[in-house]
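Engineer: In case you want the letters, here they are:
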Amino acid sequence: MTRSSSNSKLRLGLRLLVAGLFLLPIIWMVTAALRPPGSPLSSSIRLLPTRITLQNFSRVWQLVPLGRYLLNSLLVVGIAVPLTLVTSSWAGFSISQLPLSSQRRWIILSLAVLMVPGVALWSTRFLIFKILGWYNTIWALIAPAWMGTSPFYVLMFYRAFRRIPREMYESARLDGAGVLQTWRRIALPIARPTTIGVALLSFIFYWGDFISPLLYLRSEKYYTLPVGLQLLQQMGYSDWPLLMAAAVIATAVPLVLFLLVQPFFARVDGN
Amino acid sequence: MLLIPYLLGILLLVFIPAALSFTIAFFKYDALSPPVWAGELNFILTYTDELFNLSMQNSLSLVILPVPLRVLGAFLLARLMQRKGRLISWLRASIYIPSIIPSVAYALAWLWILNPLFGPLNLILRAIGLAAPNWFSDPLSAKLALILMSLWQIGEGFLVSLAALQDTPPELEDAARIDGAASWHIFWRITLPLLAPILLLLSFRDAILALQESFTAILLTTNGGPYYATFTLPLFVYEQSFDLLSFGTASAALWAIYALTGLIILVLYVIAAQWNIGTTDDTFII
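The listed protein sequences derive, respectively, from chains A and B. Okay, so the first sequence: first residue is 1 according to my numbering, each after it adds one. Okay, so the second sequence: first residue is 272 according to my numbering, each after it adds one.
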């Protein structure tokens, strides 16, 4: 018995250690952001600087129009995430209602799309956006939302909707509900964990997307937060407290969202 | 009917661009003047380009090499965090957190962490008397640094492994335990082989994704250097199409990427057929 209890203590210790190790990048990012600007960088190891300041967080807004970039990022996420939820859950729902053989065909198609490397689409998407007039507009950043952002999300919804018993769909249809109503009243409420999961994943994707603005934007007025961070890096390469403050701002939004949603997933997982 | 946006979307954003990139490889095209037929010239130019071959090698060593490490790491961590409980759900969350950080912020954070003089990692290395590398300014340690960076972002593999572990019947392990098998033995002989197909699928998906995701990290930290030591295929394609406006040669390089992907899909298909993955409800995670 003593052996197994010391064993479980060892496991707990290992778990805590690993969790701490994975938090290190973010911890180092935050502590660097709290250093007073311009102070000589110390070469002693200490987690917290001797003087803590929030100055960097106010300084960074004056150097680049971070506020506008933040608004642009919020605009992109505000359109792209709801659109993703609608298109990916529609697709997942329709596939789950098809006869089995067609279901398989759609899944293979989705898997094939999933396997296309993004790099291979960069230059030709650029040409297509130019033809459509989306080049150098915010729509170039939102475009993937029209296809549910990723077939991965479609498959997540498909999985969730398939687990709903057929009889529930049938009885809704007998009550005179159309496809759209069945989707909204029955399928979506039951698949809430999936909806929240897809919303979170697509939020993280659009919020952090650096490649689309890099390739498809030219005007500074459309720049999003990741581009702002890059501009800041090019301006003052060695002002680490400032750079880390900007990095913390960009990370804070998805992090808070994740921490808010996390207990919900833990509950679902426990059942 | 509700499938229309999805179908149109993949047509416009995936299939047409993919088809275009196949055909443009035969033309000289700069997006300004109309395309001119070029035959196989782009292929010859690209495949004899030293930089292209170097970027191919770097892609393999920088992106493909860490993949088994990432997947196995994610799986071992999932195994460690497999229990239920409030504390452990927060510990799990902390493993996922590095994957939430926007890629640019993540790259900047590592530029700071690996700063040769003042970065926290080198301070620690010096304090315990180890050699402190120059990280991003030395060809070999720059590669190491990029691999190190990628090892912290394994959230997706971690979640998929957790889900897969939860789907395996606990009776199998219990039976082995009653027979007196040691827990490490059970792990290597029963759990791991049982989940091997999923881990393989995960590895392939990870390889394809990593190729693209490493782009931002490389662009911000080393920009392909020093001496092209971290110059990978996405950087080659980016440079050809957006700096040199040479869409033809970029597309010729893409043929190589497609060939590589095609090979991966073929292997995937064989594996899937062998183990019946993707034919049951629960394995569509991947």
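Check each hint, because a few of them may be wrong.
Part of the chain B face toward chain A, derived, beta carbon under 7 Å [as the list claims (entries may be wrong)]:
no. : residue
1   : Trp383
2   : Pro387
3   : Pro505
4   : Leu515
5   : Phe518
FYI, nobody ran anything at the bench for these hints, they're computed from the structure. A virtual CB, placed ideally from N, CA and C, is assigned to each residue, including glycine.
Engineer: Restraint: B:Phe518 near chain A, CB-CB cut 7 Å. Satisfied or not?
Structural biologist: Hint holds; B:Phe518 Cβ to chain A Cβ min 5 Å, cut 7 Å.
Engineer: Using the nearest Cβ pair, does B:Pro387 come within less than 7 Å of chain A?
Structural biologist: violated (11 Å)
Engineer: Does the interface hint hold: is B:Leu515 within less than 7 Å of chain A, judged Cβ to Cβ?
Structural biologist: Where the cut-off is 7 Å and the nearest Cβ of chain A is about 11 Å from B:Leu515, the hint is violated.
Engineer: Taking 7 Å as the limit, does the beta-carbon of B:Trp383 come near enough to a beta-carbon in chain A?
Structural biologist: holds (5 Å)
Engineer: Should the hint that B:Pro505 touches chain A count as held when the rule is a Cβ pair under 7 Å?
Structural biologist: With a minimum Cβ separation of about 5 Å from chain A (threshold 7 Å), the hint on B:Pro505 holds.
Violation of the numbered hints given earlier is confined to hints 2 and 4; the remaining hints are satisfied by the structure.
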